[in-house]
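Trainee: Dock chain B against chain A, hints included.
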Amino acid sequence: MYWNQSMECMPEGELKKLQYKSLKELVNNLYSFNAFYSQKMKAEGVRPDDISSLNDITKLPFMNKSDLRDNYPNKMFTARKRDVVRYHVSSGTTGKPTLVGYTQNDIEFWTESLARALTSVGIGKDDVMQVSYGYGLFTGGLGLHYGAEKVGATVLPAGTGSTERQLELMVDLDVTAIACTPSYLVHMGDVAKKMGIDLRKDTKLRKAVLGAEPWSESMRRYIEDDMGIQAYDIYGTSEISGPMFTDCAEKKGVHIWGDMMIVEIIDPESGESLEPGQDGELVMTVLKKEAMPMIRYRIKDLTAIIEEECACGRTSPRIKRITGRSDDMLIIRGINVFPSQVEHTLVQMPEVDGKHYMIIVDRVGALDFMTVQVEMRPEAFSDKVDDMIRLKKHISSELKKYLNIAVEVELVAPEALPRFMGKAKRVTDRRKF
Amino acid sequence: MVEEHMIKQLSIFINNEPGGLAKVAAALKDCNVNLKAFNIAESSGFGVFRAIVDDPDRACGELSKKGIVVKETDVIAIPMTNRPGGLLDVAKVIGDAHINVEYGYAYADNNKASFFFRVDDIAAAVGKLKEAGMKVLTEKDI
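Protein chains in written order, with numbering that gives the first Met the number 0: chain A, 0 to 432; chain B, 0 to 141.
Bear in mind the hints are in silico, worked out from the structure with no lab data behind them. The reader is advised that the hints may include incorrect statements.
Simulated crosslink set (DSS-like; lysine-lysine; CA at most 27 Å straight-line) [as the list claims (entries may be wrong)]:
1) 127(B) with 23(A)
2) 124(A) with 250(A)
3) 7(B) with 383(A)
4) 35(B) with 39(A)
5) 111(B) with 65(B)
6) 383(A) with 129(B)
Over 12 Å on every C-beta distance to chain A, these chain B residues come out as not near it, computed from the model [to be verified]:
7) 13
8) 23
9) 56
10) 70
11) 88
12) 90
13) 112
All of these numbers come straight from a predicted model, not from anything done at the bench. Glycine is no exception: its CB is placed at the ideal position from the N, C-alpha and C atoms.
Bound-form chain A, shown alone (with noise of 0.2 Å):
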């Protein structure tokens, strides 16, 4: 089954063809109407006519997430705002935020995106689809939420939380497929059996979508064989519009649909391209968007192309489950964190001495846990353990202001932490994936 079997499974040298068309297309207009990526091509000394193949791709320059953060809000919309019909946000590396803007045609490309990918693992007009993503700025719920739709699923749109009943729900409505965080659907899988609820007899889930989190194919074997259900990856970060791309039914890798997205793989150091099957940094350009283009975005996910063609069918590339981080960001409950936002927020509190400070990450049962250590000021020390208690709620407060998720705070004597003489290694994260 696909959804859009011409763009699926075209040749590949047509598909290169259109690739370079919409790329060539692309590097036009931006280099004409939009100064941030005319200042960037210039200074790279790069110019339109520089494009005449597909592999001139390398000769554009790279955008980073701080290219983003940079020119927050929309300095890099190319789209006029009235055009603009619905924002996301991000968290970002200094705590402030990234915005991602679309136009209508940009929702209808996620959408269709995502019902290429349900369709791939099966999802249909049959099922029931619980969305269990968070709904809001974040991209997870609405995007599924819409490519659910499309494929003429019944959405349930669950958002995150109240686990128990998310679960009456799933029984009593009859949920064949989810969209959640992996360690969300395990933590669910824990209160249902407290809940006298076996996922194999009393519910129809069948099917997950997993992602927003770094998972392994052990959680993989442990859903599908100890839970029941057929566990599938979804890939996708808001810079590019949202999970956008998942496995199909053979579950050997993420198709990235090639006439909307062209995938390099480069080496993290020296920036070259790597070739198919070598480890590398995950760099994307996406063809059609109209609010916010991105070119050779470097998303810092490390990965490889996978070059076989894939037994479904579908000529578009694949990627190899994402191996991690090139950098120290940290996904926690699918939230994006990184140590320099902790570093930011504690920096600015009298209480403490935000430079010398841990993090900790632990998977309890099927959720993360982030605790920080931060060295006290002396000054901020009481007697009491009720004022001492309500510092650390206050600082784990200001935390999560800047970071949205919960964080567990322990305060200790100054000089009690590591001091480092090379690069910090501040993270120590005890999760197994």
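Mentor: What follows is chain B alone, placed relative to chain A:
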């Protein structure tokens, strides 16, 4: 004079780590601090060590120099008789005077016992205790 009834307690932060207390105890030894009474309050992730010591000002200064998080806190001390019901006698006076005790601990030897406790308003508490006929100790008494 309320001031003379303010007993200086050392309050010391203890890291949540194996040997956290031993580290503090070693610093106390190194600074030649003699403990008369102490208590340890623990919470999730940290502990607070509170102690009545000889020459608290000197002890506080020296411990700080060693990197120990320490501060002086004023507490009240009242005598207790070292027999069954000794605590009840003082607790009743404190209760009847409507004094809210934040925390407290005791010292006892064969002859005498003392109850050290922390209140928010020391002046008011001392006044009420005296009114009730309770002896309130001074630094010299302990």
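Trainee: All hints are to be evaluated individually against the structure, with a verdict given for each.
Mentor: Checked hints:
Proposed proximity of residue 127(B) and residue 23(A) is contradicted: the alpha carbons are some 87 Å apart, above 27 Å. This hinted pair checks out: residue 124(A) and residue 250(A) have alpha carbons roughly 22 Å apart, not beyond 27 Å. Taken as a hint, the residue 7(B) and residue 383(A) pair is honoured in the structure, with Cα atoms around 15 Å apart against an allowance of 27 Å. Straight-line distance between C-alpha atoms of residue 35(B) and residue 39(A) comes to about 72 Å, which puts the hinted pair past the 27 Å bound.
For the suggested pair residue 111(B) and residue 65(B), the alpha carbons sit about 34 Å apart, so the restraint of at most 27 Å is broken. The straight-line distance between the Cα atoms of residue 383(A) and residue 129(B) is roughly 26 Å, inside the 27 Å bound, and the hint therefore holds. Listed as a non-interface residue, residue 13(B) fails to keep its Cβ farther than 12 Å from every Cβ of chain A; the least gap is roughly 8 Å. Distance check for residue 23(B) against chain A: the nearest CB is about 10 Å away, which does not clear 12 Å, and the non-interface claim fails.
The beta carbon of residue 56(B) is kept farther than 12 Å from every beta carbon of chain A, the shortest such distance being approximately 16 Å. Residue-level check failed: residue 70(B) sits 6 Å from the nearest beta carbon of chain A, not beyond 12 Å. Listed as outside the interface, residue 88(B) is consistent with that label: its C-beta sits roughly 26 Å from the nearest C-beta of chain A, beyond the 12 Å cut-off. Residue placement check: residue 90(B) keeps its beta carbon more than 12 Å from all beta carbons of chain A (closest about 21 Å).
Listed as a non-interface residue, residue 112(B) keeps its Cβ farther than 12 Å from every Cβ of chain A; the least gap is roughly 22 Å.
The earlier numbered hints that this structure contradicts are 1, 4, 5, 7, 8, 10.
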